[in-house]
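Colleague: Dock chain one against chain two, each of which comes alone in its own frame, and use the hints as you go.
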Amino acid sequence: MRADLAAERAAADAVLDAALRDSTADETEAIVMAQDYALSRIMGNTIHENIIERNRTLSVRAVIGKRVGVATSNELDAAGIRTLVKRACEIARLSPADDEFPGLPTSGPATAEMEFAYDEATASTTAAERAAAVAKIVRVMVKHEIDAAGYVSTSAGSVAIANSKGIRQFFRSTDSAINIKAMSADSSGYAEGHARRFADLDANALATTAAQKAVAGRTPGAVDPGEYTVILEPPAVREFLGYLSWTGFGAMPFAEGASFMSGHIGERVMGPNVTIADDFAHPLGDGMPFDFEGVTRRPVTLVEQGIARDVVYDSYYAAKLKHANTGHALPAPNTYGPLPLNVVVSPGQKSAAQLVAETKRGLLVSRTWYIRLVDKLQTIITGMTRDGFFLIEDGRITRGLRNMRFNESIVGALGRCELAKDLVRSENHVVPACRIEGFHFSSGTTF
Amino acid sequence: MRFDAEAQAALDTAVARGASYADVRFGVVRDEHIEVRNGVVNGFSDSESAGFSVRAIVDGAWGFASSANAERKEIDRIAALAVEVARASATVKAHGIELMPAGKHTGEYRTPVQVDPATIPTGERVKYLMDVEADIRGARGVTVGRAWMDIWRTTKEFANTEGSRIAQELLQCGSACEALAVGENDVQDRLFPGTCGLYQTGGYEIIQKADLPGNARRIGEEAVALLTADLCPSGTMDVVLSGDQVSLQIHESIGHALELDRVLGWEANFSGTSFATLDKLGSFRYGSPLVTVVCDMTCPLAFATHGYDDEGTPASSIDLIRDGILVGYMAGRDTAMDAGVKLCGCVRAEYWGRLPMIRIGNVNLQPGTTPSAELFDGIRNGVYMESNRSWSIDDKRLNFQFGCQLGYEIKNGKKGKMLKNPTYAGMTPKFWGSCDAIGDRNSWTAWGTPNCGKGEPMQTARSSQGAAPTRFRDVEVGVVGYAR
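Here the protein sequences come in this chain order: S and G.
Following our numbering, the numbering of the first sequence begins with 1 at its first residue and continues without gaps.
Following our numbering, the numbering of the second sequence begins with 1001 at its first residue and continues without gaps.
It is possible that part of the hints are untrue.
Claimed, not checked - Dumping the calculated DSBU-like pairs for lysine-lysine here, alpha-carbon to alpha-carbon at most 35 angstroms: (1) K66/S - K322/S; (2) K320/S - K66/S; (3) K1280/G - K143/S; (4) K1414/G - K1430/G; (5) K136/S - K350/S; (6) K143/S - K360/S; (7) K1093/G - K1342/G; (8) K1127/G - K66/S; (9) K1280/G - K1093/G; (10) K143/S - K421/S; (11) K1209/G - K1414/G; (12) K1280/G - K1430/G; (13) K86/S - K1127/G; (14) K1342/G - K1104/G; (15) K1430/G - K1411/G; (16) K1342/G - K1280/G; (17) K1127/G - K165/S; (18) K1093/G - K1104/G; (19) K1093/G - K143/S; (20) K360/S - K421/S; (21) K1127/G - K320/S; (22) K1420/G - K1127/G; (23) K1093/G - K136/S; (24) K1073/G - K86/S; (25) K1430/G - K1415/G; (26) K1127/G - K322/S; (27) K165/S - K66/S; (28) K66/S - K86/S; (29) K86/S - K1209/G; (30) K320/S - K1420/G; (31) K86/S - K322/S; (32) K1093/G - K1073/G; (33) K1209/G - K66/S; (34) K1411/G - K1209/G.
No lab work stands behind these hints, which were simulated from the structure alone.
Computed from a predicted model, the values in this text were never measured in an experiment.
Bound-form chain G, shown alone (with noise of 0.2 angstroms):
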């Protein structure tokens, strides 16, 4: 490891100041991101960040302590700090922190690559999305196109008291394309693919593949057209969700309300807690039978795959809920005990200057064993939804409002006309459990999401969230916004 040594001057310092535990971490992110707006290059940055953190425990309570200076001095003086900070939480402690062991590991990850983003030359990379703008604003009455890409690079090393030293480099790449149609007192939007992009763990590839320019101009020809659309309509009904959208809804309503520091209320004043408490746990049904969501942080090409988390746990993957019942949690080890639980390698900080906490990883619905062309089948009334634009939901992730970019009515087991403003409604163990049909295997993906926030100070974390297109049976679609 390249900071083999200020690693150990790290432990070593906070050891001698008292700490029973400690661990550091070092770390190199790049985020290069470009972007394309009404023919203009209105973002196109590239931002490196180094440096490093120290998490230390002392009497039973955490301290942590980051700084991008690391000079010896620096380190010395950040890891006397975590100590200080750990001794100051000790003065108010109702209950100490207790470690689920999780052994000593000694390795290195590297996230598989086809094409390394660095070998397409830049100006390739602007004209490709200079193009994929230009065919969205090709179709006729577009008021905004835009497209963008993204791609993180992450150098990390760690090493704990319990003799860990792991390192690992990541990449991570995306991209999108939208179009925004303003028409007389109404605004539509478009975006591909799916609700925020194409996101995953490789290179160049992931953007390759997302086929921003074969559907550009379709999705500006959407946009324009949701202006005139009808209006969904309201009542109770059979729904199909796209992939992504159904990505989303495992994202709120399984993804947040199964991390376990959230149960245990350690985001209650922001994020807020979960409905799914501890009592629930191995006889709660979340769902119907045909639910089946796992958290695999080792899935091939999903968003936030790794090696290894930030507190050195080793990426693997658990269950959390089985054939509709619940059955785990996302944790970590100062988590862990409460509940009796596995770790699965899913705590995860912004960068190395931020608290490791507990993030939705790759959370995955399994597939089913319904082909998507014959979700529509047996559904005498009801709407296709594609592609979010509007999510709420509770603090306790019961209460949810979802609404669509896109939607379809379903007629006699056909597809209808197009219909704007789709929104639906419900509570979630209620909504997964009128799921009757899931997509197979070719229709699955595994969906990035670039933006999840969460804790204080707020930290921004790459989740993934693994699905098909699914039919759900009697849902509240429609809000009163749009009847007033």
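Chain S extracted, bound-state conformation (with noise of 0.2 angstroms):
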């Protein structure tokens, strides 16, 4: 059970006020973060893990002149706060300036409200409850004479942010998630959920997901390695954009050249039916209102209908560019540079099950494993398929398959897809199902 807002908002204050009165930098600026999480995990129809974790850290960002130094604790008494205020400073000191430094950033639009990203009964969920949602997929397993892995997740927390130069942000939301691996001896099928509502999540019909694909793949067949027509669902569609957000989406590879975005903007980089944005208010996603900077997030459209358009930025990457801070700082210090942490990709005609039924010969992936770049500016990237590959043939899933490898194109892959019309949250980012042709898979696996 969590405070009220407004002593939870007051608490954060408090440290927030005493880091900046303790320093002694030219500007100051302050982030307090909260959380409660907790997880129930399960092995072998059994919770084998089950933990809860509360933390609450002060980071302090000092600069004097063109100096930055940054310190973190979870030492809050007022002692605490002196010590590390006074650490950050002496960092600052002791670092080289840095000329393109453009100071912290000052307050701008008005952040949107967003009462509707806590829930409290998440906040509140006990390990009992947890529990009981994890006896309701066992009991969807044992009717399936099945195993199941996973975890049911409910989390709390809050990011508060002060700086010297007037801005002052808080913000609290809570989480909750359903991971379900459905094991038989020669299969496995998965669903997830996320919802900042634990209540939204149906553990029942998840758990039924997993375990009909669980069924579905026993005694797997084999094809050879080549390229097939497939269809992503939203897990593993997240997973490529997760990467393509990484290593494409944030002023930093942009500015170094590093992107495939670099040099392009205004060029068609995908199909005519691709748009991708970032966008933190999307009512299915996780956002927050503000940076880790305290600046309002702005919804960029990173590529429309298949032309490059823009990239995020945060203070000091907007300056460096002479751009707009676009809101997507991380937390100081930071050495990846902005990032998308919301990315939705806008819908498409169809249902996903429309696109198996209009597949002719291909296959389903269900969800990915272990993708790594082998190329960044082709943005090939290597992975294999995973708890859920099947074969499509004339429309219908026919069997299930052994895992396969791939090596793919993401930024190519989109230029030969179509999108689904359901978005589905998974993780943070906000996907449809995918279809794309001539996805190549390059060696197959036992399993």
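Modeller: Written out as structure tokens, the structure reads:
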């Protein structure tokens, strides 16, 4: 059970005020992050790990001239805050000046109210209530004579930011997730759900989906490596988009020429049916309305109907590249540059079932695993299929397959794809299922 | 121990609430990171975190709770909460937890240190990295230069209801530098030393011996040269891997495969399981007779070396693969009973607030007898590969594909021209079975990995894999992505 909103905000403000008051730096930024996180993990229809974690940290960024220092601690009494601020100032004094540092940001447009982001029932979920959800999952597995692995999690957290130039922000939210891998002796099936409100997750329905996949995948066959039409379900699409975000949609690699977007703004980089944005406020998402400098986030269209439009910025890269700050800073010190954390892919016209039904011969990928970049500019990745890999023949899923390794360009694949109409949240992104022609598998495996 | 009274209070509360076993860990972790990028210190941070956690068993099921607030009232709350969580676990239980006896241990451990990093002025450390990074960009054509160092200090105390009381102070250090060169439709990078730097236990001497200044210009020049180098050919050929790349190969295809929790399915939904199932123990041919691998948690300098693990088991060394045959697993007290294997002290948590789990410790491929200069001998057509840049392996640790930053052709036993984008792929037992020469002790290094991920919620661990340059025959080289 967390404190009420006013009390939680007041407690965070007191820490922020103390940090700003104690600082002797020219400019100071303070961030208080608090989280209660609980997760009940399943294996073999048993809860084998079950945790509750609570932590609250203060991070201080001190600016002296063009010198910057950051220190973080979870000792938040008066003495601890004083020590922390002093350390941040010492680090700043020891750092060489960064002539391009623009100073801390000032407050900008009003930040959206997102009261719906917090759900008291989710914040107050007990271990017994999570166990009850696990028990529902196990009942489905027992009915299908298979085992479950996975987890049920609930969390509540807040972020409070203030700086000496007038920014002051507070946001609190809840989140929850169910992750299920149903396993038979020679097959597995996957389902996941994410929602700000735990009550919005249907453990029974997710378990049924995962179990049915595991049952349908029994006695898997094999297909030869080569090019296939594939249907990627949302968890697989999300993994592709996550990689694209990290390597291509941030201002740092963009400025260095290391992004596939570099030098191509205004040019076609994907198919005309692909529009990708970063949108913190999407109703299915888990975004927050400001970034880790306290700057109000703006929705950013990254790719519009296949045309490269923009990348995301924080205050440093906005000043460096003379672009508007889009409010996508990560917590300092940040060696990755700004990143989009809430990617939304615009939906297509057909249901995922229709995409399958229209496929003469293809492969359905429920989930991927261990994706790694093979080539940054070409966005070639390699990875494995996992937990539900099926053959599609004449518009029907006909059998399970042994898993395969793929090598494919993400951007290239999004140039020959059709997107489904239903959007689903997967982790922190909102994506549809997707059909891709000529998707390349390079090898197989024995399971 | 500083927290003796608090630890006893936590254990007393857990037992009073119904725990049949409980342990408590108090910890303080301090991480210092300094990073220079293109002449600017873009990452200079000092992070400190303190708190405690309680683990409890009730009715054969685990519960865990942690908090940053170590006041007496909160200690009682967290201990009671761990029991409550365990009781909830017990309501969904197909089988119960049984702990391998580990004995009662009282002791202290401190990482041997030659040069305390605190004695090196911070300004001197910053200047060191600034100079290294400037030297990288002294190579004409480098787009981005980077240099960084990390220092982790961990103080922890452990107590359990079996009477163990353990205090430890660990120090881990590491550093690296990297060059990025951007050409027309190509990006190439080079990192030194190895794949992610030189990370070991010890003091500032670990950073000094990495010798970034002696190699910065070279890696800058190599990154630029790679832009115009020939593409690595595809085909079946012999491969010699640098020691750091062998380290990663060990990590991914031996280390993770032999974590017993994975073998038993505890990581099935995320990190995955393992092809190296219990029925294979003692008979399965994992590699050629040259391949002997141990998990040695006492290995001097190695990144994961400590005195005791986070469930109070003393550090020791066990065999995992002996003369190519699978003979052991890395286990925890709650998994070892299922396999009947020994403990070596490899159960660790990311920090005081996280649940301990089996982590790759110091998994060492024992050195061979071949001087590294002779590893190319007998290769008519092959490739030498160094420093990983992409790694992918399936969730049973069988089908892998790794890419390296730098390659050289090997022709008739001699090093030939530079090659870019070298990759190789294979299946784990076949690949290790093709090992026919391992570099000798002089070329062997305990390579640390600072960012191994596992568990849910995900925890980062610092592991180590000792390796020397190694030769493999008839390996599948090249990937189709480059051919399209």
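Colleague: Hint by hint, say whether it matches the structure.
Modeller: Here is how each hint holds up against the structure:
The suggested pairing of K66/S with K322/S holds, with an alpha-carbon distance near 18 angstroms, which does not exceed 35 angstroms. Annotation: proposed proximity of K320/S to K66/S holds, straight-line Cα distance about 14 angstroms (limit 35 angstroms). For the proposed pair K1280/G and K143/S, the alpha carbon gap of about 31 angstroms is at most 35 angstroms, so the pair holds. For the suggested pair K1414/G and K1430/G, the alpha carbons sit about 26 angstroms apart, so the restraint of at most 35 angstroms is met.
Annotation: proposed proximity of K136/S to K350/S holds, straight-line Cα distance about 32 angstroms (limit 35 angstroms). Our distance criterion of 35 angstroms between C-alpha atoms is met by K143/S and K360/S, whose separation comes to about 33 angstroms. At most 35 angstroms may separate the alpha-carbon atoms for a hinted pair to count; K1093/G and K1342/G meet this at roughly 26 angstroms. Our distance criterion of 35 angstroms between C-alpha atoms is met by K1127/G and K66/S, whose separation comes to about 17 angstroms.
As the CA atoms of K1280/G and K1093/G are separated by approximately 27 angstroms, the hinted pair is consistent with the 35 angstroms bound. Between K143/S and K421/S, the direct Cα distance comes to roughly 32 angstroms. Compliance with the 35 angstroms bound is thereby established for this hinted pair. Restraint check: the Cα-Cα separation between K1209/G and K1414/G comes to about 29 angstroms, which is no more than 35 angstroms; the hinted pair holds. Only pairs whose Cα atoms come within 35 angstroms are accepted, and K1280/G paired with K1430/G is accepted, the gap being roughly 15 angstroms.
The hinted pair formed by K86/S and K1127/G meets the criterion: a straight-line CA distance of about 22 angstroms does not exceed 35 angstroms. For the suggested pair K1342/G and K1104/G, the alpha carbons sit about 16 angstroms apart, so the restraint of at most 35 angstroms is met. For the hint pairing K1430/G with K1411/G, the CA-to-CA distance comes to about 24 angstroms; that is within 35 angstroms, so the pair holds. For the given pair, K1342/G sits about 16 angstroms from K1280/G by alpha-carbon distance, which is consistent with the 35 angstroms threshold.
Restraint check for K1127/G and K165/S: the C-alpha separation of about 31 angstroms stays at or below 35 angstroms, so the hint holds. Between K1093/G and K1104/G the CA atoms are separated by roughly 29 angstroms; this keeps the pair inside 35 angstroms, and the hint holds. Between the alpha carbons of K1093/G and K143/S the distance comes to roughly 16 angstroms, so the proposed pair stays at or under 35 angstroms and holds. At most 35 angstroms may separate the alpha-carbon atoms for a hinted pair to count; K360/S and K421/S meet this at roughly 20 angstroms.
Restraint check: the Cα-Cα separation between K1127/G and K320/S comes to about 24 angstroms, which is no more than 35 angstroms; the hinted pair holds. Proposed proximity of K1420/G and K1127/G is supported: the alpha carbons are some 32 angstroms apart, at most 35 angstroms. Distance restraint check for K1093/G and K136/S: the Cα-Cα separation of roughly 13 angstroms lies within the 35 angstroms cut-off, and the hinted pair is therefore satisfied. For the given pair, K1073/G sits about 30 angstroms from K86/S by alpha-carbon distance, which is consistent with the 35 angstroms threshold.
Pair hint K1430/G plus K1415/G holds up; C-alpha atoms about 26 angstroms apart against a cutoff of 35 angstroms. The suggested pairing of K1127/G with K322/S holds, with an alpha-carbon distance near 30 angstroms, which does not exceed 35 angstroms. For the hint pairing K165/S with K66/S, the CA-to-CA distance comes to about 15 angstroms; that is within 35 angstroms, so the pair holds. A distance of roughly 17 angstroms separates the Cα atoms of K66/S and K86/S; the hinted pair therefore holds under the 35 angstroms criterion.
This hinted pair checks out: K86/S and K1209/G have alpha carbons roughly 32 angstroms apart, not beyond 35 angstroms. Proposed proximity of K320/S and K1420/G is supported: the alpha carbons are some 32 angstroms apart, at most 35 angstroms. Taking the CA atoms of K86/S and K322/S, the gap is near 33 angstroms; set against the 35 angstroms cutoff, the hint holds. Between K1093/G and K1073/G the CA atoms are separated by roughly 31 angstroms; this keeps the pair inside 35 angstroms, and the hint holds.
Of the pairs offered as hints, the one joining K1209/G and K66/S holds, with about 32 angstroms between alpha carbons and a cut-off of 35 angstroms not exceeded. Note on K1411/G and K1209/G: the hinted pairing holds, with a Cα-Cα distance of about 33 angstroms set against a maximum of 35 angstroms.
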